[in-house]
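Quick mapping for you: the protein sequence lines, in order, are chains C and D.
Count the first sequence with the working numbering and you get residues 1 to 682, in order.
Count the second sequence with the working numbering and you get residues 1 to 302, in order.
No lab work stands behind these hints, which were simulated from the structure alone.
Treat the hints with care, as some may be off.
Stated by the list, open to error - Only some residues are given here: those of chain C computed to face chain D with a beta carbon under 8 Å:
| id | residue |
| --- | --- |
| 1 | Ala16 |
| 2 | Ala29 |
| 3 | Val32 |
| 4 | Gln33 |
| 5 | Phe34 |
| 6 | Pro35 |
| 7 | Leu37 |
| 8 | Val38 |
| 9 | Phe39 |
| 10 | Lys330 |
| 11 | Asn574 |
All C-beta atoms in this analysis are idealised placements derived from N, C-alpha and C, irrespective of residue type, glycine included.
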Amino acid sequence: MSFLTPLFFLGVAALAAPILVHLVRRTRARRVQFPALVFVRQVPQRTIRRRTLQNVFLLLLRCLAILLIVIAFTRPFFSGGSAAKDNSAAGATVILIDNSLSMRREQMFAEAQRRVEAALDEARIDEQVALLTFDKRYTVINRFTVDKTKLRSAIGTLSAGWDGTDYEQALRGAESLLGEVGTTGPKRIVMISDFQAPGWNHASATFKLSNNTQLTTLDVGGNNPPWNVAITNVEARGVVFGQKYLDNLVVHISNFSDTPKADVLVDFQINEQTVEKRDISLNSRDSRVVEFTGFNVNEGVNRCTIDIVSGDFPTDNRFYFTLRRETPAKALIIESASRGRSDSLHLQSALTTNEDLPFTFSLKSTGSVDPASIWDYALVVLNDTGPISPALADTLTKFVSGGGQVIVSTGPRTQLESFNASLQQITPATLREVVQTKAGESVAITEVKFDHPIFEVFQESGRLASANVIGYFRSEPRANAAVLARFEDGSPALVEARTGKGRVLLFTSSLGSSWNDLPLTPLYLPFIHQMVRYAGAREENSWYGLGQTFTVAKERDAPPPAVDTPSGARLSENRLTPDGDLLVTAREPGFYRLRYNERPGFAAVNIDGAEGDFTKLNFPEFVVGVTGGAGTAEGAPANNNLSREEVEGRQKVWWSLLLVALLLLLAESFLARRTKMVKMIG
Amino acid sequence: MFSPATTPARFLDPELLARIGSLELLARAVVEGFMSGLHRSPFTGFSTEFTEYRQYNPGDDLRYLDWRLLARTDRYFIKKYRADTNTQCHLLVDTSASMNYAHASSVTKLQYAQYLAASLAYLLNRQQDAVGMVGFAEKVHTHVPARNRTGHMRTIYGNLSMLEAAGQTDLAQSLHQLAEILTRRGIVVIISDFYDQPDRLQEAFQHLRFKGHDLVAFHVLDQNELDFDFTDPVLLLEDAETQEQMPVLPDVVMDGYRERMRKHVEEMRRCAAANHVDYEMITTKQPLDFALFSFLSRRSGK
């Protein structure tokens, strides 16, 4: 038998109370003179002896009740010996030690290391033991060995990391390792962790331990996880082109505890200068969204942080991200040469109303375009151009293959054969025929891929169908093309295809008002902007999660820059892409410094937001989940497989002891009332 | 000291009487109060010599009404007579330590015995009887011979008031001793708690009876000696005379004790009846008139 809180044994001193009372009270019998003692003497007095014994019995009852209460407070539990010790053949044990971010809580990892030591102490001399650490992945620290000294020295080198937790991966790794060892003895996995609920998803868990594997869980997280407020996500555009950040920068903040938190200060900083502060309150188990917009962004890469001032686990109180402000690239709109009003009026207006677009546009007609000048642009928009020269068509083909972006829209001036012939190399779809609706009738754009970046802004409103289209080309998409939207009759409305390194978008109606009323609706502006942004998008995240790999682009005619980690160490990784860019795996939160010659760059790395949720894992569910059913698997944790607190918590011996003590006190009260405690002198 | 409106019966309450310092006053208060409450005078046959008239009171015996005076004056007067001394009475008071017991009452058995003896002495003196007094414990220690002289009552009261409870009881021995001392026949009133063996007492009674005395026995007990009513769960009882101590559980002992005490009283009653002793058991809670009435009613029958 062991005791969880043996300090309460000091309460044994309370036994002195009933003994003292017994001794003191017995001397207080009243002395009374009585004349007729001769008659009293004749009455048998054996009862007194019996009552004296009853008194002693009552005293014993009281002492026993107090003793039981004291023992109950020491939280006793029965711990069985190690299973390995009970088997004749030496077994194999895999010790899994959680080194995820949450184990950085005060002394928790040190406690885990101590538990590993204890587990090694329990192991038989000839038992083979392997040591693994795990967060979202597992790492083999030591394969099976009987050399406990070696394992002990390895334990000392371990420390808690920054990543999240995945128990399933850890168990997979441990079981896989157990498969390598040949033993007839028991196979055991000892998992030492704080057992966070986010580390195991019952709904998606598919892995189960084999029947001959025993699971022992040692909880170092305690039964009462601390409260914690954490920033779980920041939604920001990594690249902006204007001075003002016009979108909403969205910060997600969660309270993972059952205690409401008021006056949580949210501090948004750019390059260590505070931009704005907000004060928010969070209910228990609540998530809040804080939005920032309209702030200035300097040119180049800006280091941005969101801090919450909160006295809890500090690691998840800061979120890192970058905002890069770039100069817009040049884009060209080509339209057909015609008299009168330009067909690109609406398009041009739409593309010049917002400074935060990746392009600055200029307009030329097909006749005035020098094919050689196409290379000066990053994006070309062919807006109902009519026939184009073979030289221009050839240049455009090369332009797209080399990485250029092209948006093509048809219209009344588009000639079917000429279009298909000149742009067949790059167009995502082959035009088949013109469809003109009857007077007074129109078709709508109905089938839309709202998960595509162009249409995701319409996902909630769904109002794209309100545009009335009276003319369009039926078309047949290329094999590798993706239809992003269709008209009511199923004919593609917007088709996308990659050619070489570039990309082409084909809108089979007009971007002017000739064939539809789209320019006259509120949908037009976001539609055009999204299309242009998509065409000019550069794949750059504002931040990366721990464990993610990001690319550090090399400088022109130079090797990739040196990279400093957030802790200041120079990164020694030298994995390169085929293009010569450096691949870096994010290992710690903060800003990675990219030492370019001209201007330093930064990459922001953040911890897994869910790691701040210290809610306790549902143990029974977990055990049943990984062992295949309570009571059937050997791995179902018996009392001796759990931590001392868990064993004690499950046995609840204290409860039984208190119950017995209560019954004893009730019996004592009953007996005391009946016998009126005899107090005697001598 | 006493309000005129107070009823005579109140004067007979032993606890109230205990406030009266003088036994003479006490005895007068008891007897006068007792007498005025009686509807029939107990003095019939005792008195022959006319002394004075007094106003007729309702309840007075019409035989003593002066009819002639009534015819002359139309007023009711009673003729009063002075009785002749015709007997002597000795009041024997037990002063053993056991008589010093009082439980819930403020009056000990000895005090009660003193009041009773004083009242009887006063009453007897009014009848012109010679009254003597004896105090005894293991043996006789106080003896006032019976007299009917002026000032004798003060001697009686003085000696009564000086009695103190002490020593052990040897009632039978004391009665044998008195039987030898009291040579002239008379009434012997024994006031005691009678903690002695009835067999021995019977011999003592017979001795006194043999000497020609009329015996009256007042068995004075505290009510708690009968009830053994203690609230304490345990007591250390100490014998008042021997100082012997004994732990007792009242709730256990109570029934057995009561039974034994009841048997003792019955035995005393039987012993007294067998020897023609007028026996009365009284408790210190009972008014004194109860004892007086008992005494007079028994004496009037003889």
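Consistency of the hints with the structure:
Hint status for alanine 16 of chain C relative to chain D: violated, with the closest Cβ pair at about 24 Å, above 8 Å. Residue-level restraint check for alanine 29 of chain C holds (minimum Cβ-Cβ distance to chain D is 5 Å; threshold 8 Å). The beta carbon of valine 32 of chain C comes within 5 Å of a beta carbon in chain D, closer than 8 Å, and the hint placing it at the interface holds. Because the closest C-beta pair between glutamine 33 of chain C and chain D is about 5 Å apart, less than 8 Å, the hint holds.
At about 4 Å, the closest approach between the beta carbon of phenylalanine 34 of chain C and any beta carbon in chain D falls short of 8 Å, and the interface hint on this residue holds. Interface hint at proline 35 of chain C: satisfied, since its Cβ lies 4 Å from the closest Cβ of chain D, which is below the 8 Å cut-off. Checking leucine 37 of chain C against chain D by beta carbon gives a least distance of about 4 Å; that is within 8 Å, so the hint holds. The closest approach between the C-beta of valine 38 of chain C and any C-beta of chain D is roughly 7 Å, which is under the 8 Å cut-off, so the hint is satisfied.
Interface restraint check for phenylalanine 39 of chain C: the shortest CB-CB distance to chain D comes to about 4 Å, inside 8 Å, so the restraint holds. The beta carbon of lysine 330 of chain C comes no nearer than 110 Å to any beta carbon in chain D, farther than 8 Å, and the hint placing it at the interface is violated. Taken as an interface hint, asparagine 574 of chain C does not check out: its beta carbon lies about 94 Å from the nearest beta carbon of chain D, beyond 8 Å.
Violated hints for the displayed structure, listed by number in ascending order: 1, 10 and 11.
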